[in-house]
Amino acid sequence: MGLRMIEEGLLTTVQDLGRKGYQSLGFSVNGPMDQLAMRLANIILGNDQNEAVLEMSFLGPSISFESDMIIALTGADMSPRIDDVPVSLGKPLAVKTGQTLQLRTSKSGLYSYLAVKGGLDIPEVLNSKSTSLTAQVGGYNGRKLQTGDFIPIKKSYSYVGRIPWQLDSTLFAYLRSEKPIIRFLEGKQYKSFSSQSLDNFTSKQWKISTKSNRMGYRLIGAELLVNDQKELITEATAFGTIQVPPNGQPIVLMADRQPTGGYPKIGQVIQADLPKLSQLRPTQAFHFQKSSIEEALTELKITENTISRLKVAIASKWKEWENAYC
Amino acid sequence: MKDVTYFPLHEGAVMIDFGKTINRETNKKILQLAKVLKDQPFHGFIEAVPAYTTLTVYYDPIIGESQSFTKICSWIENYLDNLPLDDTSANTINIPVCYDLAYAPDIEEVARTNNLTVKQVVKYHTEIIYHVYFLGFSPGFPFLGGLNPKLATPRKSNPRIKINAGSVGIAGNQTGIYPSDSPGGWQIIGRTPKSLLQIEKNPPTLLQPGDNLSFYAISKDEFEQWEENQWV
Chain A
1 MGLRMIEEGL LTTVQDLGRK GYQSLGFSVN GPMDQLAMRL ANIILGNDQN
51 EAVLEMSFLG PSISFESDMI IALTGADMSP RIDDVPVSLG KPLAVKTGQT
101 LQLRTSKSGL YSYLAVKGGL DIPEVLNSKS TSLTAQVGGY NGRKLQTGDF
151 IPIKKSYSYV GRIPWQLDST LFAYLRSEKP IIRFLEGKQY KSFSSQSLDN
201 FTSKQWKIST KSNRMGYRLI GAELLVNDQK ELITEATAFG TIQVPPNGQP
251 IVLMADRQPT GGYPKIGQVI QADLPKLSQL RPTQAFHFQK SSIEEALTEL
301 KITENTISRL KVAIASKWKE WENAYC
Chain B
1 MKDVTYFPLH EGAVMIDFGK TINRETNKKI LQLAKVLKDQ PFHGFIEAVP
51 AYTTLTVYYD PIIGESQSFT KICSWIENYL DNLPLDDTSA NTINIPVCYD
101 LAYAPDIEEV ARTNNLTVKQ VVKYHTEIIY HVYFLGFSPG FPFLGGLNPK
151 LATPRKSNPR IKINAGSVGI AGNQTGIYPS DSPGGWQIIG RTPKSLLQIE
201 KNPPTLLQPG DNLSFYAISK DEFEQWEENQ WV
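In order, the protein sequences belong to chains A and B. Take 1 as the starting number for the first sequence in my numbering and just add one per residue. Take 1 as the starting number for the second sequence in my numbering and just add one per residue.
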């Protein structure tokens, strides 16, 4: 029972919600770039939100199903087709042994997620199934998936009947924002930056450099300078920390960041805007806007309430489905 | 506690700042607080990440209505005021290092920069007991304190694409060990055959924050013998 990689795509990795509790020993957290889309892929299927999924970047893979199963796709739209028939994002899809999922270059966003009902059968390393590409630990033998790899799954579902629900596409509106705004909190060294730099940070537009990856998004825009170039004492960094190396070009630290760093932090992207930032493409200009802890928490609570509501609603739908067909 | 400040790194993380001075008393306090939080976690606690002068506490800001930043800070303050006296002595880990030129591409540069002989570099590097302040940068990578200032050497102007696992280096007034192959700009003065990562064990790293560490010199033969032993 499982999935076979027919074509590997650009970068496909196994991710759960991340390796927590080992940062103090130097291990990165890892986990999905777009946590919202990843969690929703699991929620659609009635899975635990922490269930491991495949994260597929920009140019998607082709995958054949070596057993009957139910899957869901969320996040970037890679024009998914099953045996050449277009299929929708954000809903349970029943697939049969021998069928093939084909994905292309994403039309919007960068990261797409494939969850399997019941979950992928991947061993945990240090309490997590997430892949650490740098430490070569976790996920599928600590590496990205390659053509020919077989990923076992925990449960097979031979489909009977209809699975009629689909997530409202407005949930994924952040993937298509026209003039994206990324909100941030003041970083610990915010006040060390020159007033001109702080002004430029919010007034000028920014783009993500193509030299970006799961560790960090390098930004192209105005030069940001600190008033006093003294070396900072190494301290913790988080997903969304905007740090500025001496060359003045900021880097936003992403899912594969190191637990600590020594560059001054101008800001911290609010948690609720991380999915939007992760999915921004290098060609797309965006702006930073200052936020507050209160606003950030309110936004986070709105997202979490939506997720909780969906979880309850979908769980009851699966109950009905199981009673009818299992 | 006096002289301690709290900064919200984000909605679910508070950075506790113990000042600007790197010293062992502060480090001890930071590691003790980290241990107390891990042993008696508050509701929503995720993990605590020590660094030289800070401890960053990650928590879930959503579960429980009372998880506000100020509330978390006052809890931590309470933990800090009641830190148990720690009289346990630190573990000392002995690390064998081969300083032979074959494994020490930059030892001559370090000697030259500091007007020393290679022999003196080895002597000064091995006669100190270092302190593991914390681990960061990569899994198992120790941030050590105690390097003899006579050995301080700037980073290489051109970082290497690949530094082999086990390489022992100097960067400014710091010394450290690369637990796994990685790019880096440190001056490499030797290599240890000992593995700093032991993923299948608990804990998964040889060194722990708060440990003491000392280096001792081994010959090229001993190093290669050691490597062979690892494979048997």
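Simulated from the structure, these hints should not be mistaken for laboratory data. Worth double-checking, as some hints may not be accurate.
Unchecked claim - Where chain B lies over chain A, by a calculated footprint (3+ residues, C-beta under 8 Å):
| id | region |
| --- | --- |
| 1 | 20–26 |
| 2 | 237–245 |
What the hints assert, rightly or not - With a straight-line cut-off of 20 Å between C-alpha atoms, the simulated EDC-like cross-links for lysine to aspartate or glutamate are:
| id | chain 1 | residue 1 | chain 2 | residue 2 |
| --- | --- | --- | --- | --- |
| 3 | A | Lys311 | A | Glu294 |
| 4 | A | Lys20 | B | Glu47 |
| 5 | B | Lys28 | B | Asp60 |
| 6 | B | Lys71 | A | Asp83 |
The beta carbon of each residue, even a glycine, is placed where N, CA and C say it ideally should be.
(Q) To test your reading of the hints: which numbers does this structure violate? (A) 3, 5, 6
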